[in-house]
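Residue numbers (the working numbering), protein chains in the order written: chain U, 36 to 133; chain Y, 20 to 139.
Careful, some of the hints might be misleading.
Using C-beta positions, here's what the derived DEER-type ranges look like [said to hold, decoys possible]:
no.: 1; chain 1: U; residue 1: 41; chain 2: Y; residue 2: 32; range: 35 to 45 Å
no.: 2; chain 1: Y; residue 1: 72; chain 2: U; residue 2: 40; range: 13 to 23 Å
no.: 3; chain 1: Y; residue 1: 60; chain 2: U; residue 2: 38; range: 16 to 26 Å
To give an idea of the chain U side of the interface with chain Y (calculated C-beta under 10 Å), a few residues [said to hold, decoys possible]:
no.: 4; residue: 63
no.: 5; residue: 64
no.: 6; residue: 73
no.: 7; residue: 83
no.: 8; residue: 108
no.: 9; residue: 109
Residues on chain Y that point at chain U, a partial pick, calculated with CB under 10 Å [stated by the list, open to error]:
no.: 10; residue: 34
no.: 11; residue: 47
no.: 12; residue: 51
no.: 13; residue: 81
no.: 14; residue: 87
no.: 15; residue: 116
no.: 16; residue: 127
I should point out that these hints are in silico values taken from the structure, not numbers from a laboratory. In this text the structure is predicted, and so the values were computed from the model without any measurement. Even for Gly, the Cβ is constructed at its ideal location relative to N, Cα and C.
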Amino acid sequence: MSAVEPRFAPGARVRVRRADPPGHIRTPWYIRGQTGEIERLCGAFPNPEELAYNRPGLPAQPLYRVRFRQRELWPDYAGPAADTIEVEIYQHWLEPAR
Amino acid sequence: MPLARRAAVADNMAAEESGMRQHHDMGGLPAGPVARQEHDYALWEKRVDALMVLLAERQLLRVDQLRRNIEALAPDAYDKMSYYERWIAAITLTLLQRGVLTSDELGRAMAEIEAREARQ
Numbered sequence: 036m037s038a039v040e041p042r043f044a045p046g047a048r049v050r051v052r053r054a055d056p057p058g059h060i061r062t063p064w065y066i067r068g069q070t071g072e073i074e075r076l077c078g079a080f081p082n083p084e085e086l087a088y089n090r091p092g093l094p095a096q097p098l099y100r101v102r103f104r105q106r107e108l109w110p111d112y113a114g115p116a117a118d119t120i121e122v123e124i125y126q127h128w129l130e131p132a133r
Numbered sequence: 020m021p022l023a024r025r026a027a028v029a030d031n032m033a034a035e036e037s038g039m040r041q042h043h044d045m046g047g048l049p050a051g052p053v054a055r056q057e058h059d060y061a062l063w064e065k066r067v068d069a070l071m072v073l074l075a076e077r078q079l080l081r082v083d084q085l086r087r088n089i090e091a092l093a094p095d096a097y098d099k100m101s102y103y104e105r106w107i108a109a110i111t112l113t114l115l116q117r118g119v120l121t122s123d124e125l126g127r128a129m130a131e132i133e134a135r136e137a138r139q
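My request is simple: use the sequences and hints to build the entire structure.
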C-alpha cells in the first residue's frame with residue numbers, strides 16, 4: 036500500500052488546519068485551528084475522506100494521536116490545568132506550530 | 020451556563036447556520052446526561068446490524084460511506100431517527116449509489132410488503 040511519508044515526530048507542536056471543506060471530514064469542528072502536540076504516530080491508513088466516496092484513498096495518510104490541553108479548548112473548563120484530550124487526526128489536517 | 024461558554028456555544032451554532040460546521044459534528048455543544056444503562060435491541064435492529072456486516076464482507080459497503088450517508092441526513096431527520104434508523108437509511112443510500120439496488124425495485128418491494136402486512 037502506497038503511503039505518504041510522516042512529517043511529524045512525537046513531541047512536535049502542530050496546529051490543526053482551520054478549514055471547512057464539503058464532504059466527509061473526520062477532523063472534528065471543535066479541534067480545528069487548535070494547537071497541540073504529537074503524542075504518537077498511529078500508522079498510515081487509506082484516507083476516509085476518499086473511502087467515503089468509494090475511492091481507494093491512496094496513498095495512505097499518516098494518522099497521529101494529538102494531545103491538546105482541555106483548558107485551551109473550552110472557555111469554562113473547570114478541571115485541573117494539566118487535563119488533556121487526545122484526538123486522532125490525519126496528517127493532511129496538520130501544519131507545524133511553534 | 021457561564022458567559023464565556025455561552026459565547027462559545029453561540030459561535031458553534033452560528034457556524035452550523037452559515038454552513039461551516041456540519042450538523043452531525045456537534046462535539047462541544049451542550050448535550051445533557053449520557054444514558055448509561057444497557058439497551059435491548061429489537062429484532063429489526065439486529066437484522067440491520069447483520070445486514071451491515073454481510074454487505075461489508077461482500078465489499079458492497081464501507082463504514083466510511085455509511086458514515087457519509089448518515090451525515091447527509093437532514094438535521095431534523097438526524098435528530099429524530101434512532102441509531103439503527105440512521106443506519107438503515109444510510110445503507111439504503113449506499114446501495115442505491117453503488118447500483119446494488121434501484122429505487123424502483125426497492126419501492127415495489129416495499130409496497131408489496133406493506134400490502135402483505137395489511138392483509139394479515
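Structure-based check of all given hints:
1. U:41 - Y:32: 35 to 45 Å: 36 Å Cβ-Cβ, so the 35 to 45 Å window holds.
2. Y:72 - U:40: 13 to 23 Å: With a Cβ separation near 35 Å, residue 72 of chain Y and residue 40 of chain U fall outside 13 to 23 Å, so the hint is violated.
3. Y:60 - U:38: 16 to 26 Å: The hint (16 to 26 Å, Cβ to Cβ) is violated, given that residue 60 of chain Y and residue 38 of chain U are roughly 38 Å apart.
4. 63: For residue 63 of chain U, the interface hint holds, since the closest Cβ of chain Y sits about 5 Å away, which is under 10 Å.
5. 64: holds (4 Å)
6. 73: violated (21 Å)
7. 83: Holds, because the Cβ-Cβ distance from residue 83 of chain U to chain Y comes to roughly 5 Å (cut-off 10 Å).
8. 108: At about 8 Å, which falls below the 10 Å cut-off, the nearest Cβ of chain Y leaves the hint on residue 108 of chain U intact, so it holds.
9. 109: For residue 109 of chain U, the interface hint holds, since the closest Cβ of chain Y sits about 7 Å away, which is under 10 Å.
10. 34: holds (7 Å)
11. 47: holds (4 Å)
12. 51: violated (17 Å)
13. 81: Constraint on residue 81 of chain Y satisfied, holds at 5 Å.
14. 87: Holds - the Cβ of residue 87 of chain Y comes within 10 Å of chain U, reaching about 4 Å at its closest.
15. 116: holds (7 Å)
16. 127: Violated, about 26 Å.
Hints 2, 3, 6, 12 and 16 from the list above are not met by this structure, while the remaining hints are.
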